[in-house]
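4 protein chains.
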Amino acid sequence: MDSFSLFDCVSPLDFRYYGGNAKLLDALSPYVSEKARVRHEARVEAALVRVLARRGLCPPEAAQAIERACEEVTPEEVAEEERRIHHNVRALVNAIRARVPEEHRRFVHWTLTSFDVIDTAMAARFKRMTREVVIPYLLDLERELVAISEREADTLQMGRTHGQHAVPITFGFAMAEHVARLGERIELLDDAAGCMRGKISGAVGAYNASSLFTDDPESLEREVLAELDLEPASHSTQIVIAEPMVDLIHVLTSCLGVMANLADDMRHLQRSEIAEVGEAFEKDQVGSSTMPHKRNPWNFENVKAFFKAFAPRMTTMYLDQLSEHQRDLTNSATNRFLPEVVVAVVACAERLTRIMGRLVVDKAAMERNLEMSGRMVLAEPLYIVLAGLGHPDAHEAVRRLTLESEQSGEPPAALMERSDELRPYVERMTDEQRTVLGDYRRYTGIAAEKARKVCAEWRERLNLD
Amino acid sequence: MDSFSLFDCVSPLDFRYYGGNAKLLDALSPYVSEKARVRHEARVEAALVRVLARRGLCPPEAAQAIERACEEVTPEEVAEEERRIHHNVRALVNAIRARVPEEHRRFVHWTLTSFDVIDTAMAARFKRMTREVVIPYLLDLERELVAISEREADTLQMGRTHGQHAVPITFGFAMAEHVARLGERIELLDDAAGCMRGKISGAVGAYNASSLFTDDPESLEREVLAELDLEPASHSTQIVIAEPMVDLIHVLTSCLGVMANLADDMRHLQRSEIAEVGEAFEKDQVGSSTMPHKRNPWNFENVKAFFKAFAPRMTTMYLDQLSEHQRDLTNSATNRFLPEVVVAVVACAERLTRIMGRLVVDKAAMERNLEMSGRMVLAEPLYIVLAGLGHPDAHEAVRRLTLESEQSGEPPAALMERSDELRPYVERMTDEQRTVLGDYRRYTGIAAEKARKVCAEWRERLNLD
Amino acid sequence: MDSFSLFDCVSPLDFRYYGGNAKLLDALSPYVSEKARVRHEARVEAALVRVLARRGLCPPEAAQAIERACEEVTPEEVAEEERRIHHNVRALVNAIRARVPEEHRRFVHWTLTSFDVIDTAMAARFKRMTREVVIPYLLDLERELVAISEREADTLQMGRTHGQHAVPITFGFAMAEHVARLGERIELLDDAAGCMRGKISGAVGAYNASSLFTDDPESLEREVLAELDLEPASHSTQIVIAEPMVDLIHVLTSCLGVMANLADDMRHLQRSEIAEVGEAFEKDQVGSSTMPHKRNPWNFENVKAFFKAFAPRMTTMYLDQLSEHQRDLTNSATNRFLPEVVVAVVACAERLTRIMGRLVVDKAAMERNLEMSGRMVLAEPLYIVLAGLGHPDAHEAVRRLTLESEQSGEPPAALMERSDELRPYVERMTDEQRTVLGDYRRYTGIAAEKARKVCAEWRERLNLD
Amino acid sequence: MDSFSLFDCVSPLDFRYYGGNAKLLDALSPYVSEKARVRHEARVEAALVRVLARRGLCPPEAAQAIERACEEVTPEEVAEEERRIHHNVRALVNAIRARVPEEHRRFVHWTLTSFDVIDTAMAARFKRMTREVVIPYLLDLERELVAISEREADTLQMGRTHGQHAVPITFGFAMAEHVARLGERIELLDDAAGCMRGKISGAVGAYNASSLFTDDPESLEREVLAELDLEPASHSTQIVIAEPMVDLIHVLTSCLGVMANLADDMRHLQRSEIAEVGEAFEKDQVGSSTMPHKRNPWNFENVKAFFKAFAPRMTTMYLDQLSEHQRDLTNSATNRFLPEVVVAVVACAERLTRIMGRLVVDKAAMERNLEMSGRMVLAEPLYIVLAGLGHPDAHEAVRRLTLESEQSGEPPAALMERSDELRPYVERMTDEQRTVLGDYRRYTGIAAEKARKVCAEWRERLNLD
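Residue numbers (my numbering), protein chains in the order written: chain S, 1 to 465; chain B, 1 to 465; chain X, 1 to 465; chain E, 1 to 465.
Because the hints were derived from the structure by calculation, they are not lab data. Be aware that a few hints might be false.
Facing chain X, a subset of chain S residues (Cβ under 8 Å, in silico) [as the list claims (entries may be wrong)]: (1) GLN164; (2) HIS165; (3) ARG271.
The structure presented is a predicted model; accordingly, all values stated were derived computationally and were not measured. Virtual Cβ for every residue (Gly too), placed ideally from N, Cα, C.
Produce the entire structure from the sequences given, and follow the hints as far as they go.
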């Protein structure tokens, strides 16, 4: 074990995306690592003795000694003891006890069951981690998106549905979609973190053990959990009911979905034929091993890959809602994988923030692409205006006009002006309507305004400034 | 098509669980069927003209004629038109137009894009369906669970972890877990339904078309959606952003998880060797084709099967978060499957309510099973009390006592009383502690009280009475 | 129930993709419908009595009467009986018995357990359906792909990696990928169908019942199954072991993956900016409700959607590998959904065959796109040739040359010819090498040849002609 | 990075199940670790120059120098270079080049694209790993299962369906199910490993680069791959087509399903009320932190947990079948996770082998459980025999007899003998039939024989001895 290195790892998170990334390792390791698990579990043991002492159920000096031991116990000590006795929480307890004078040892873990410690520590860990790491990283990305959306609020871009040119928007409007979606996810994430719950209710959740020493074991539970900024679950068995964690992992997974959609949009906009956005190269970076000229959207592709790797794992969460009677242990190993989802979300957020921060927007390319279909996009407003002005079958009229324009090469507006059939409607058009019908670049609805509005709203809701 | 029958269907929902079940067909068909889709989409078209008329953008008589057509248009008409033109919303529009005098036709669908109709109708349909069908069915189940939990609040049962006897609880306490979990799901479901959002923002979400006729297209959108008891999405492209529906389907899926856990618990309690609960047979019901004496938990197995069939589908929802640019259509066919999840939840709720309603609880069997391990379960309180009273290594002391009791057949309490080593602690025990240590049936913590408390809480939160 | 119509269905397969499609309904309903299930189960009952009669265990006239009843029994009769007795196979048995003279009734279902019938019928159904419907539909698609690949074997197209222009290929080569992948899937599908297994081994798989009347119950089993073109499973409990079906559904699911990749490629090639392929419009078809000029790749999008809807369901198959002891029934309802995957595969194959059959390939667009990056793609051969001729760091040399070419606008080849540093290598190039370096259109490797070779191979392996 | 330790890892595979397990680390790290990836990729580079030298395309001394460098290059060197240039294969190439005299450097990676190396190395790695580690571990488990099945071939056990007592089997027969299922998986795994494919076909799969120097680039490819015990894929683009790996991962996943079913069966047989099997405790092992007497099936629960964690990941494989055009990179990060599935399978196999090796079978408990329902299980043979002997409605007759027996407490056989209605049939029963009807312990069909037969078959097919 002594020689274990990064390169012995099997998990790409460990050898590459988290363990191999100093910044993320630094930010996440206090929460997601195995040593973080030990640390958080020890904190639960410490919280217990603090409360026991406060209630006069254990001497203050015992509590102090145990608290100190809880701070000092190392994962190595726990691992060594676990190899001996094959029980992880008992190993932690023994390792703490070994650091405590014999007369105080009996208060370590007193009345607790293993999962009082494990599940409570897990809840505390995920609550803090979500609020102290995940949300800040997502807010960084949100800030970047808001900045781009506001900066490009008026930048014309062709709107695309089915990969086909539809009607014009602005690039800022397109980005505002991601601002709104990510903003909502962040708020929900904070809610879900606030719903994390702990338990100090014993082996089957009925407070059998703690009832032996106190008349109100639920108040003891509340007090211990409050030390850890948690509330008790509405119900617990040997474990906290599964749903608060299921809900949190759902929101995290859906964050990956929002980021993957952003990534997909960006990588398609980088296609050679579209080329509306790009990424500034870093010095010394190599594009491809044999094609030095290629500029691949590999960062966006990486985000998509993470999404593909993690979205299906949500099914495991639903499977873990099922635990027989007062629990079976088939969710124990699965729970150990949960911090990986957090790493995935943070890794994607960090990467996207970095890449979006150096996103190059090629307005000329956007104009060029828009122009390609400019004439044809006027079909829609033409239809709307004709119908609004009383044409009984505007849809069919425009379809014919469009085909004619396609064949003759003349703009639909010109054909319209010349058409005897359409003249009565043309004469009743407003100036604004004529302006739009004559210039497809004006047919952007309230795209720019909406971009600014969405950004302003999320600046405020998330206190982005 | 004329001869299409139940037995031609490929979906077991259609030929069996919903279509083959008169009660569910009746309750759900106004929401989940293809004709329900048409009906809800027509309502969006009707809402539009009502608002147009109110704003003076279309004559009242046009609006009235169109509203009437929207009420009367049939799915058969739409299907026939779609076979001709291969576009489902345009087919609906044409079918409505065909029922409207020529001079009013132009106001049908005016300024809308297909997905203004489809997504708004979908949101309205799921919002109503969740509140008017799904939640009531879940509340019926919740009522049944509360009734059992309260009725059996004091019924002794062995608590089980890992399928092993742990320490005693009451059956009402065990049921209270399901009360709490289902209760929370119901509340979240109502929240998620309230988050359904619509859109009247046109082909790419920038209100390009509606801006041609109004200065504040967002207010027009709000007004149309209000007719359908909806609010606008925080952002839309051609479609409503995916997340509100993703969140709702998540909660529905997690309801299946809660119900499957209940089902799993019940079917294991029905095992021949445990036999603590059973299901009253219906007259004429046959247990198995060759073993007429068998009483299979097939209803609970069915609920588990639905969970297994539907939980993985959540992944499709995450995949549908990705839609290129202002949308691609790769979520169109997938969305058509969404009502199936609702059918699954309602079918499971209906079945469980029915079965739990005739659940037979065999208290004698519960007592017998408890007795099997009664003596041994006292190990835990013994440990707790010894540790609390100052024994330095109570865990080890109890382990030895337990082995001795296993070998000699004597109750641990008796061995304890005789033990020189333990005497100092025994002497300092409270009466309550001695009582529990002498009778494992007393070692139930606050199980009964907690069962009643949980039930009382959910009665109130959900207005169950 | 009498009034049940297509529009009451909740499953989009029933009301739209299969039930609403006369061609598919016709092809698939003998296999996937509920009535097909009844028909196949009755065939198992018939096979049993044929063998019993042959072995002298039942009178020939009894066997004949029962066989006739098995052919004539209707799903309506079975459904009605099931509503009465709540057991589906016993209902089938009763419905058959009701059509048989009283003295022969006892031989119906004799020694069988329900799942002898259900699982054997399922295996027979999936084996025949795979070979008689699924594979023929996939072969139709394969033929279409081969035709395109051969026809376009020499059609120049830019190769794309990461959505970026890489080096040239031919469109026929690109299509050959799909030919090879689909070809392999078809072969595997046939293998997997051949691995379907049945069972006539009774309630727990130990031939308890049949052993009462025969010394070699395994030979009886083999004989009955042979009537249905099946072999016995290597082991069975109450059910056939799960894996043969799990493997078959895996191959079916992976067919969706192959088709979805084809669909994705096609829809991206249809992007407005790329526009290399298109789909001929059908008469009267409407492109979009408000943009009559749009030509959406909605058929390809539909295939992608089916893939997204069905790929996650594979997880359910793995969950169904778990059945407690000699089986629990939690795979019963899930199994009823299995024919849906078949419908999905056939629907996608049929759609793709139709659309690929009218695929319009725009060679001019392919040339135009190729030309965009023509100059730059020469970087790769330049690097290869320079390295091959001894340049110590060709990668770096080409990187610099490429940047220079990007800035100056001159072709890399021209810059190379003028470079003092590169001259020694240039002088030693072969004619072939110089030709390629001077004309990126020649840099297609063996693309055309490979396309023809792949097609020839699959023509032969699958007997396509 | 220097201080990275096991306890910094986020993946439970790394800190616990693989990295924290000396035996598995030893067996798997040559294949699954990051350093194993580098090693295998370097081998591809070495294979290339060996073939180049053999064909006279590069000097033998260059090939030797490069081969040596490929053996000696360290993951640390590659990682350091990658941090500089942000491209992993180019980093490997540079690290190899740095160890080669300048004049030979140009032959390193010559004509290759990154994924010629990555995908070929991946295929070689998975082929060897499957055959050299995974299959041997599964064979160890298979041997253990065969040993138990043969040893317990005659051990009576109650057969269970739906968790209900059905008819008797033997425990060896029950185990034979797992023997057969695992045996089949092992054979399929070997087939799937044999289908792994590599590629040396360049940037888009058309051999563009290698064609510059050889007329038959496919033969060059075959020769390089043969060095690595691989064949070329039927088609490749920048990458090997996805399906061979998808198929392999499917088989691996289905192995988890088979093992999880075994684990589930064992843990239910360990339930306190059933208690038919147990696990011998290890010295010093602690059962639970507060209940020292509990003997939890946590090893079986762990296997179930791994199954739940990994089965849903198969969906990622299907998603990775989709790669746009000649590939996008969205499968790059996902592929890095693939070795984790192998770790999961091996960890489960190793654990189960260990636990099954010390499985304690409590024959007395099996007898006791059987006896519980013994009388009632005779209903089935009674029905079969009565029907076989001509009773027109044996099912109904037995149902009545069963109810009577339940109420009166008399054995069905005794009631039968006394029944006037049944007498004519009773008189015609064979001795064998009477024996079985009088002793439910005889009603085991061919369970024992089948157990031995299945074991003999798999001993032979897998060369287990």
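(Q) Are any of the numbered hints broken by this structure? If so, which, sorted upward? (A) Violated: none.
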